[in-house]
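Asks: Quick note, in my numbering, the sequence shown goes up one by one and the last residue is 584.
It cannot be assumed that every hint is accurate.
Calculated lysine to any residue pairs in the SDA-like style (CA-CA distance at most 20 angstroms, straight line) [what the hints assert, rightly or not]: (1) 399 to 436; (2) 38 to 28; (3) 141 to 159; (4) 436 to 287; (5) 228 to 287; (6) 362 to 349.
FRET-style restraints, in silico, Cβ to Cβ [to be verified]: (7) 188 to 341: 39 to 47 angstroms; (8) 203 to 131: 44 to 52 angstroms; (9) 500 to 213: 53 to 61 angstroms; (10) 310 to 83: 30 to 38 angstroms; (11) 555 to 131: 49 to 57 angstroms; (12) 298 to 193: 32 to 40 angstroms; (13) 160 to 83: 28 to 36 angstroms; (14) 309 to 385: 35 to 43 angstroms; (15) 188 to 74: 35 to 43 angstroms.
If you're looking for bench data, these hints aren't it; they were derived computationally from the structure. Backbone N, C-alpha and C define an ideal beta-carbon position, used for all residues, glycine too.
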Amino acid sequence: MTRIAIIKKDKCHSDKCNWLCFRICPVNRTNKDCIIKKGKFPEISEILCTGCGICVNQCPYDAISIINLPEKLKEDPIIRFGANSFELFSLPIPKKDKVIGILGRNGIGKSTALGILSGNLKPNFGDYEKEKKEEEIIQKFSNTFLGDYFSRLYSGKLKISYKPQRVELLGESYKGKVMELLKKVDERNVSKELIKEFELENIKDRDIKDLSGGELQRIAIIATIAKDADFYYFDEPASFLDITQRIKVAKIIRKLSKEKTVMVVEHDLATLDYISDEIQIVYGEQAGYGVFSQSKSVKRGINEYLDGYLPDDNVRFRDYSIKFEKRELAKLAQLETLFSFPDIEKSFKSFKLNVNKGEVKKSEVLTVIGKNGLGKSTFLKILAGIEKQDKGEVDKIKIAYKPQHIKVISGTVLEHLSKAKEFSSGWYKTNILEKLGIKNILNNEVKHLSGGELQKFYIALTLSEDAELLALDEPSAFIDVEDRLNVAEVIKEFVTKKEISAIVVDHDIQFIDYLGDRMLVFEGVSGKHGEARVEGKKEGMNNVLKMLDITYRRDSVTNRPRINKPDSQLDREQKEKGEYYSS
């Protein structure tokens with residue numbers, strides 16, 4: 002059996018544990034060098050390692066993984082970054098005039114694959130100590146589509162346009178104003194039209210370094226589309242965007258695919274479903290290895306991903322299925338009211354918020370949806386007592402609040418979460434620590450957590466407070482599709498068990514639909530005025546989808562809500578009936 006050893010260097014603290022893995026390794030005790038000291042980190046020999054798992058189980062920082070690879074992975078990896086590091090075993094295949102959607106967990110090779118296809122990374126086939134020549138790479142793929150692809154790419158006959166994942170770094174990479182940047186790259190003469198389409202005319206003369214995350218994302222997408230290329234790669238184009246902007250981006254990318262070849266990596270399942278013609282799933286182990294499946298139809302690909310089993314590959318990559326079960330909304334009327342709020346008003350220098358009166362029931366999740374700049378976060382801050390409203394007194398209740406922009410705090414995850422009353426209970430360990438993936442990072446410093454880990458830590462921290470109401474602002478940000486649905490499940494189970502309530506702001510419409518019992522819908526003009534009202538689940542979703550000019554149907558196998566393709570027969574029929582949301 003092929004075995005790989007992984008050392009997660011961002012989690013390894015050999016100075017604190019005094020090289021525990023080196024001292025307890027059974028092979029080392031026979032005077033063989035299975036684990037050696039190499040600088041600040043250990044290095045594990047994959048030849049000498051017996052797979053006993055002692056170092057894995059005893060490491061206090063969950064920094065070691067010993068992975069037994071599937072028997073079918075007998076070939077060399079496409080790329081490996083160093084000793085005891087991640088391996089990618091295959092690449093996705095772009096297809097002409099189609100949008101190929103890439104679906105998989107964080108840390109499993111999606112961005113690495115796009116980096117290779119775009120020419121920013123070169124395959125080394127596992128030999129990380131020596132850079133491969135372009136001729137060797139072409140020869141390795143000579144009997145496949147990728148042989149011709151890399152031959153044309155390396156000879157300059159293939160033009161690539163690539164939008165990276167980390168758009169927040171653009172402010173550091175580019176100096177100057179927005180239109181100056183776009184004029185440099187606009188080979189298709191489309192940037193002015195797209196600036197208008199994305200409602201960015203007010204920032205045309207602003208410095209790149211002064212843009213928000215959502216503004217940077219839209220500028221990066223415009224710059225990518227503006228280049229005259231053969232292949233277009235988009236890595237997480239929905240991040241930082243509100244719900245209306247996500248649909249707009251999806252429509253524009255689909256339009257691009259009518260004349261160009263497009264590949265998209267995305268965690269927003271509804272956006273990925275809507276934007277894609279085919280799906281390629283990445284499976285494996287986070288930070289360990291990744292493998293791309295064969296291309297599948299969108300429906301089949303997403304359903305197989307949710308099921309956790311790929312029949313064509315005969316691979317089960319998850320030991321449970323993710324299900325979309327209908328909740329009995331009629332029972333909401335029977336639930337006891339937790340608190341009510343009157344009409345609320347809040348005015349700033351150039352913005353005014355009006356929230357119509359409503360109530361929140363025990364064991365209910367009230368989801369909040371609407372464009373950016375309409376006052377959603379302001380409403381949560383009013384409930385949490387951070388902002389003072391101009392009109393309308395809110396009932397005094399105990400609130401646990403997770404802000405939109407979370408900060409890194411000092412200390413370990415364990416130091417903070419262990420303060421919870423129920424921390425030592427079996428229910429807390431199973432339903433919060435394990436389901437959120439917190440159990441394996443308890444000994445890690447908060448400052449060393451990844452973006453997704455930090456988000457889940459803050460969700461766990463919020464759930465650990467003694468509160469009657471959870472107020473969560475964008476809990477799905479930075480986490481992958483699988484963890485998003487786990488987070489939704491954790492929140493639903495928590496409010497039901499505790500008989501408390503939750504108000505959740507988010508832009509992932511699938512997450513909102515999966516999680517919510519009723520909705521607080523925000524409308525208005527971004528940055529000028531916002532108005533909100535509580536609506537029933539079906540009515541609220543119908544109004545939101547109508548505003549977005551998209552229709553939803555239920556998947557016949559999984560009950561998962563799916564966005565109909567624009568102007569399809571079902572899309573036209575539902576719009577004629579005014580049934581944008583099929584529950």
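Asks: For a C-alpha distance cap of 20 angstroms, please report whether residue 399 and residue 436 respect it.
Replies: The given pair, whose Cα atoms are some 25 angstroms apart, is violated under the 20 angstroms limit.
Asks: Taking the Cβ atom of residue 160 and the Cβ atom of residue 83, is their distance within the range 28 to 36 angstroms?
Replies: holds, 31 angstroms
Asks: Could one say that the CB atoms of residue 298 and residue 193 fall in the range 32 to 40 angstroms?
Replies: holds, 37 angstroms
Asks: Would you say the C-beta atoms of residue 500 and residue 213 sit inside 53 to 61 angstroms of each other?
Replies: violated, 38 angstroms
Asks: Honestly, do residue 555 and residue 131 meet the 49 to 57 angstroms range at C-beta?
Replies: holds, 53 angstroms
Asks: Holds or violated: residue 141 and residue 159, Cα atoms, limit 20 angstroms.
Replies: Roughly 19 angstroms separates the two Cα atoms, so the pair holds.
Asks: Quick one, are residue 38 and residue 28 close enough, alpha carbons at most 20 angstroms?
Replies: Holds, because 15 angstroms separates the two Cα atoms, which is no more than 20 angstroms.
Asks: Please work out if residue 228 and residue 287 have their alpha carbons no farther apart than 20 angstroms.
Replies: violated, 33 angstroms
Asks: Is residue 436 close enough to residue 287, meaning Cα to Cα at most 20 angstroms?
Replies: Distance ~16 angstroms between residue 436 and residue 287 Cα, so the pair holds.
Asks: Residue 309 and residue 385, beta-carbon distance inside 35 to 43 angstroms?
Replies: holds, 37 angstroms
Asks: Does the hinted range 39 to 47 angstroms hold for residue 188 and residue 341 at CB?
Replies: violated, 57 angstroms
Asks: Is the distance from the Cβ of residue 310 to the Cβ of residue 83 consistent with 30 to 38 angstroms?
Replies: Check passed, 32 angstroms falls within 30 to 38 angstroms.
In summary, the numbered hints that this structure violates are 1, 5, 6, 7, 9.
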